[in-house]
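A.B. asks: Okay, here's what each chain looks like letter by letter:
Protein chains: 6
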Amino acid sequence: MPAQSEVIAALDALWPPGRAEQWDAVGTVCGDPDAEVRRVLFAVDPVREVVDEAVELGADLLVTHHPLYLRGTTTVAASTFKGRVVHTLIKHDIGLHVAHTNADRADPGVSDALAGALDLRVTGPLVPDPDDPAGRRGLGRICELDEPETLAGFTARAAAALPATAQGIRVAGDPGRTVRTVAVCGGSGDSLFDDVRRAGVDVYLTADLRHHPASEAREQARARAAGADAAVPALVDAAHWATEWPWTEQAAAQLDEISDRHGWNLRTHVSRAVTDPWTAHAASDTRPADAPPTPITDIPGAPN
Amino acid sequence: MPAQSEVIAALDALWPPGRAEQWDAVGTVCGDPDAEVRRVLFAVDPVREVVDEAVELGADLLVTHHPLYLRGTTTVAASTFKGRVVHTLIKHDIGLHVAHTNADRADPGVSDALAGALDLRVTGPLVPDPDDPAGRRGLGRICELDEPETLAGFTARAAAALPATAQGIRVAGDPGRTVRTVAVCGGSGDSLFDDVRRAGVDVYLTADLRHHPASEAREQARARAAGADAAVPALVDAAHWATEWPWTEQAAAQLDEISDRHGWNLRTHVSRAVTDPWTAHAASDTRPADAPPTPITDIPGAPN
Amino acid sequence: MPAQSEVIAALDALWPPGRAEQWDAVGTVCGDPDAEVRRVLFAVDPVREVVDEAVELGADLLVTHHPLYLRGTTTVAASTFKGRVVHTLIKHDIGLHVAHTNADRADPGVSDALAGALDLRVTGPLVPDPDDPAGRRGLGRICELDEPETLAGFTARAAAALPATAQGIRVAGDPGRTVRTVAVCGGSGDSLFDDVRRAGVDVYLTADLRHHPASEAREQARARAAGADAAVPALVDAAHWATEWPWTEQAAAQLDEISDRHGWNLRTHVSRAVTDPWTAHAASDTRPADAPPTPITDIPGAPN
Amino acid sequence: MPAQSEVIAALDALWPPGRAEQWDAVGTVCGDPDAEVRRVLFAVDPVREVVDEAVELGADLLVTHHPLYLRGTTTVAASTFKGRVVHTLIKHDIGLHVAHTNADRADPGVSDALAGALDLRVTGPLVPDPDDPAGRRGLGRICELDEPETLAGFTARAAAALPATAQGIRVAGDPGRTVRTVAVCGGSGDSLFDDVRRAGVDVYLTADLRHHPASEAREQARARAAGADAAVPALVDAAHWATEWPWTEQAAAQLDEISDRHGWNLRTHVSRAVTDPWTAHAASDTRPADAPPTPITDIPGAPN
Amino acid sequence: MPAQSEVIAALDALWPPGRAEQWDAVGTVCGDPDAEVRRVLFAVDPVREVVDEAVELGADLLVTHHPLYLRGTTTVAASTFKGRVVHTLIKHDIGLHVAHTNADRADPGVSDALAGALDLRVTGPLVPDPDDPAGRRGLGRICELDEPETLAGFTARAAAALPATAQGIRVAGDPGRTVRTVAVCGGSGDSLFDDVRRAGVDVYLTADLRHHPASEAREQARARAAGADAAVPALVDAAHWATEWPWTEQAAAQLDEISDRHGWNLRTHVSRAVTDPWTAHAASDTRPADAPPTPITDIPGAPN
Amino acid sequence: MPAQSEVIAALDALWPPGRAEQWDAVGTVCGDPDAEVRRVLFAVDPVREVVDEAVELGADLLVTHHPLYLRGTTTVAASTFKGRVVHTLIKHDIGLHVAHTNADRADPGVSDALAGALDLRVTGPLVPDPDDPAGRRGLGRICELDEPETLAGFTARAAAALPATAQGIRVAGDPGRTVRTVAVCGGSGDSLFDDVRRAGVDVYLTADLRHHPASEAREQARARAAGADAAVPALVDAAHWATEWPWTEQAAAQLDEISDRHGWNLRTHVSRAVTDPWTAHAASDTRPADAPPTPITDIPGAPN
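For the protein sequence lines, the chains are A, B, C, D, E and F, in the order given.
Residue numbering for the first sequence follows UniProt numbering, starting at 1 and increasing by one per position.
Residue numbering for the second sequence follows UniProt numbering, starting at 1 and increasing by one per position.
Residue numbering for the third sequence follows UniProt numbering, starting at 1 and increasing by one per position.
Residue numbering for the fourth sequence follows UniProt numbering, starting at 1 and increasing by one per position.
Residue numbering for the fifth sequence follows UniProt numbering, starting at 1 and increasing by one per position.
Residue numbering for the sixth sequence follows UniProt numbering, starting at 1 and increasing by one per position.
So here's chain A without its partners, still in its complex pose:
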């Protein structure tokens, strides 16, 4: 069985830490490099529910997309939820390793997995990495549909393909407009609106869009389009977690392949815990809305 340091070296080859953003904090958060690794759990968020799953599973290593500590800490005392995570992991000999923006920019990366889940054909990165002569690495992906469909159809496809969440999917745009090209960006994508505009796509699918960036992007696109509504990209906003979850399956498969190659005999798992914080959604499209929201704490269609 491989040592933790060997497994991590393999993960770092997939997602080189040096390709993360300057402000990011990727790499190993806790764990002993000499410990043996048999079971690895992949998840989006290093939160208590996921850590408890790792403990129950008997995992030796937890690999998450989101950092536990994005900014430096001087304490891991168990009085904070993050310190409690550290205590639980160390007490149970579980390492924690993070691949965040280095996984976003990788080939394949987070947005490739997202495009794959949506059955889109990737034609290249949305923001190409200048250091990649092959032109495949970078943030986001530009994709094509095999057959054009309406925005309503594309939204239905996304709702069906992404793991279920209580918050669902928000859409901005004419439901009848034709969609041929899509830019996708797993996670918060509001910093890439300029790149989306330059890409000239029909739809931008991402997460966590707030009022002001979304409103300004729409208004600016309308001003440029000067009446040609087809030139204004529609927006599709899904749960942050849901847009990144497909990467955990992709990453697990990548490690499986490495394990086979080295004869490591690793057992890899993908967490199905829905760590999107929202647990219910209520429509607000008529004034007298007496029906209570549908609680969705146990989502049947969550990633299986």
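Hints listed in this document are in silico derivations from the structure and should not be mistaken for laboratory results.
Treat the hints with care, since some could be wrong.
If chains are identical, the list can't say which one is meant, so a pair holds when it fits in one copy or spans any two.
Derived DMTMM-like pairs (lysine to aspartate or glutamate); straight-line CA-CA distance at most 25 angstroms [said to hold, decoys possible]:
hint, residue 1, residue 2
1, K91, E216
2, K91, D260
3, K91, E6
4, K91, E53
5, K91, E21
6, K91, D129
7, K91, E56
It should be emphasised that the depicted structure is a prediction, and the values quoted were computed from it without experimental measurement.
Starting from the known structure of chain A, fit chains B, C, D, E and F onto it as the hints suggest.
C.D. replies: Same frame as chain A, now just chains B, C, D, E and F:
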């Protein structure tokens, strides 16, 4: 009829510009101080649809909550949507005046209007203004319900009371938990989580919450509560626009009262344009979700 | 007739905005890209007097050297003089376009026009642009005189050649020293003293020199020269406006040539308004100076 | 005879160093605190000509208004003019002491001396020092004329009263307007335009005004005055050195008084060297201006 | 038995975290607030040797003076020595709590313990805390000797009283000078030279003095003293660890007293591990120095 | 005889100022470039004792390794020790020139002289200068011993070879471990621990190591070595002055060679003043340490 400068002096008395945040940009964006004012339109966002409404209405002054330029610009060329807004307003002799964080902190302020729309009894500000000896000004409001109700019930009330939007309302928490106290904050409220925790309320209703702040607030509250779920405040997240729209009605009423007092004979109007950027929502709670999203470009229950 | 956007594209080709200094604010300040352009007025300063001239002239576009807003603004309210400028321009459908440090560094640029007005032969830039393989672009110009003359003679030439201003010209140096080479820099030139020293010229002609930079440059040059006064460059300081005005004629001629080439049939004009703020000068060379200063509000020799 | 340290203690009592601006560099630049002081020379600028005068005079202490080093240096090598000043002073046992913005803000200060030279009656500071309960200290001074006069008359008075310089005096304003109140500020005064506006004076007399601040102040005042030209303050701009020279006489008199009180028997001197860098001025009010500029290297009316 | 949170509350009352320097990182580094505490170990440095001692001792809490993480970290992976410390502590259920500059400033504080070890009479803090009306808290301490002695005698006293270290003690000053007053500062004291000078003491005893601060302090004091050598404070520099170790005994005694008061029945221990990094010293006072340095890995007189 | 400027040009060729660190302040501090130079004194520190030696010697130029002013000053008043140094030097026509980090990085540089004094064979720089294709310039040096010896033996060699100081030498490491390779860095070397680790040497000899860097470097190396103590580099810490003094002899020899080449007939001298601030050392290895420290103000073995 009053000059624009007289009307603005009255608005500045309601929402003194000096009480805005340092980073904010409030006050008059365009217009001639000597122009006469007969009609005033109130709205949340200074976007094209609202400006067109002002033109059709023959308004002389448009008062919005959101700044047109939050950061300084060196151009108002009509090639940008904001420059087009300036051109249209100046060509039609319409002034634009902004009351943003100065209206948030006022008494009554944006969150008072929000609490009023929800039929909540305000007991004080969430973040009191240290310069207000009366203890009424500040960001957000802490409220009490006349009768306790479940989180499901409270959510239904919010969905019914707030102006309709396509995106609806997101909820995090046990639908059956009892709600007695609520913190509300119109607009983006993710910077006030520490204050919410200190206030010890049952629910926090605000807008534009993103994955990381919402997730961390929930996890941290759970770590502190140590199993006592009732001590973890639920989150209710509505459309940014919908949480601030009630203020436009409140503000128009305040100016009506001033107009009567001075004999100005002003005509005030409240824009009913839904400037939330999202136009449809799709549930994503089962994997095979074939139904297309419901387009909601024309919302019957929008603010009347 | 061309659209504003076509004319501006032609101007941007002459003075590419990307070559302006980082801190500068060049480009279109107001106006509609789709408006037709028949008349263009060139001037140094976008001040009220110039704007009124544009209105009277029926101009569609005003091109100035100085930005209206060098730092960003969040308001163009007509209560400020700059906001009033914006209102007047938009109400009269006049665009405003600025070419500032991009025009300074161009070939030909502001200092070429200045050298031309003084009948000097340009040998190259004072601060060459490292990106110009031809070695012609950059700040300031180094020039040669066809025939050596005294500093007194050179000053007289400058006084005669530059457009008349009330403030006149200040000189530092021995009036009898010989002048063979001159560095010129239109506008405020006190940041280029090190370059002037390296150039080894006899005279530096620029504008807006203040006590400390001028005094330190003179003292430092004297310390280096160690008695060889000829090695200390003389200074000639003219009105800021006067050193930049020749560029407006040069720029108008450049646009005329473009207009002819495209068959645009543009009418170009050069403003003769003296926007130097000083309107009179009083000698102060004897204690009892009873004569009042000569008011020069109407200068006969102003640029025709 | 007093030690240098005793004389400097007396000067520091007149102009406490702690009242200088944060960015300023006042106090003793070189000299031995234990050296005896017999002769003290006062001047505006610590330049070579003044230092040579101190050497010839046999001075033990030179007191200047301008710092030798405003920003810190790591070298006083004699290859720079400032290092040469240090070498000359130390070789001749002459101390150098600077009173800059602490003298500006003092009571009496630099602008009191300027007002006195102009025979104006000071009514208070232009920017009062908040720490002075008497309301007399601060930057600039607001003054009244005993009898109203025209701007032309006031300019003639300034030209006659200030020490002669080649550059003379620049004026912006209607020569016939009436002058009753004047703000004065010795040295560069372009940062005080807002205070001048608030003071509502008829004229602002200062030095070193550049094109942009002067132009903007004039334009802004005109926009506010809305046609009432009398409400636009005129500007009078003299040589920087000339506006500060009167302070050297005032300061010498202050030290004389102290010397008498202590029986120190000091000899105080005031430098008459004209350290304004400009040595000639040429009018530029007609195009054909053949006359050479008048060299003014030896100015008969220089401070006697 | 008390919970860790109760013991820490008691320690925080002794050394309130809010009194630490802004840049410091004090408080609990790891551990579970609900764990029971029976044994507490006090030490200067949270290094491996000390952590191993805590494990062998069966301690539940380790209290150190130095922070484990002074700057924030995003990883506690066991591949670093600090991460290994965290892993070992958490695996053995040992909490780590730090009292650093809050202990320095306390009453009694680190320098009180140092003065006590040296048998000096404290008269007050070297840098008084402005928020302490009693004038007892602050950095460093000013002390008096009961009987004057020579610097040589004082040095011998320090060498005998402080815990033994291989590096010994460095002295700067005349061995025969009389010592009546002493400033002491446990740990690195080179930022307090100005305060030492103002205190006018005969000796400054601290640690970790480097060449430049020590040299400059000596030179500056000599320049001020002008030959009066008695006015130049001598310097005594001991091992950083040795100057802070006395605090661990003092702190343990304080916790014992609290334990007795609450009936907690705690067992407190003081680490005797010499964590000064230096293990040998070689004299260098003659050129031919053939004798090898004396290894002092096992120091007989180390704190017992 | 050469002018100061000629001698300095030669020194600048040895140690180009452009190769100093950004934060450093090298070059000429005072002196007249035209003065003739006959005698040059080399020393480590520009302190009073050294300056007095230069005066007594009749030196025309003092060359030191340490800057007088590392940060900029606005005063050289003789009330400070540094200002007194400037006054003394200028009064006696002695120039001061500094070669600091430019001498550190040179070939040969400060650490070459240190290695030479220790009879070590240099194999290359510890931190190579990326701009030196020959790979010889840079900070520190990596060295080999001709014959392996124990750490105790190496320490004895260092104690014998370096100029004598009262503080002696501190050692961290097993005295019996074998030493084959050594990294040396004259002056404070605590910023180079990472480079030392990468170099994999047996010993790091430098100066001015403080508790925290030394302790962390040792702990981190132990954590990496995982029991293999031979992989943990030992530390040898000598007096800052002693590690840099050998450079003064090397530099004087370099200038002698240049003087011979040019026929300048310079007399060069090396200061033997021990400017290490420490004058005595007391062992602290047993509790009852009654013997007074040995005063070493006159060190027989000081550099002769």
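A.B. asks: State whether the alpha carbon distance between K91 and D260 is at most 25 angstroms within one copy, between copies, both, or neither.
C.D. replies: neither (29 angstroms within a copy, 32 angstroms between copies)
A.B. asks: Within, between, both or neither: how does the pair K91, E21 come out at a Cα-Cα threshold of 25 angstroms?
C.D. replies: Close neither inside one copy (31 angstroms) nor across copies (33 angstroms); limit 25 angstroms.
A.B. asks: Checking an output row: K91 and E6, CA cutoff 25 angstroms. Within, between, both or neither?
C.D. replies: both (22 angstroms within a copy, 23 angstroms between copies)
A.B. asks: At most 25 angstroms between C-alpha atoms: does K91 with E216 qualify within a copy, between copies, both, or neither?
C.D. replies: For K91 and E216, the Cα distance is within 25 angstroms only across copies (22 angstroms; inside one copy 48 angstroms).
A.B. asks: Can you give me the call for K91 and D129, within, between, both or neither, at a CA distance of at most 25 angstroms?
C.D. replies: So K91 and D129 fail the 25 angstroms test inside a copy (40 angstroms) and across (42 angstroms) alike.
A.B. asks: Between copies, within a copy, both or neither: which fits K91 and E56 at Cα up to 25 angstroms?
C.D. replies: Close inside one copy (13 angstroms) and across copies (18 angstroms); limit 25 angstroms.
A.B. asks: Using 25 angstroms as the alpha-carbon threshold, which applies to K91 and E53: within, between, both, or neither?
C.D. replies: both (14 angstroms within a copy, 20 angstroms between copies)
Violated hints, listed in ascending order, are 2, 5, 6; each of the other numbered hints is respected by the structure.
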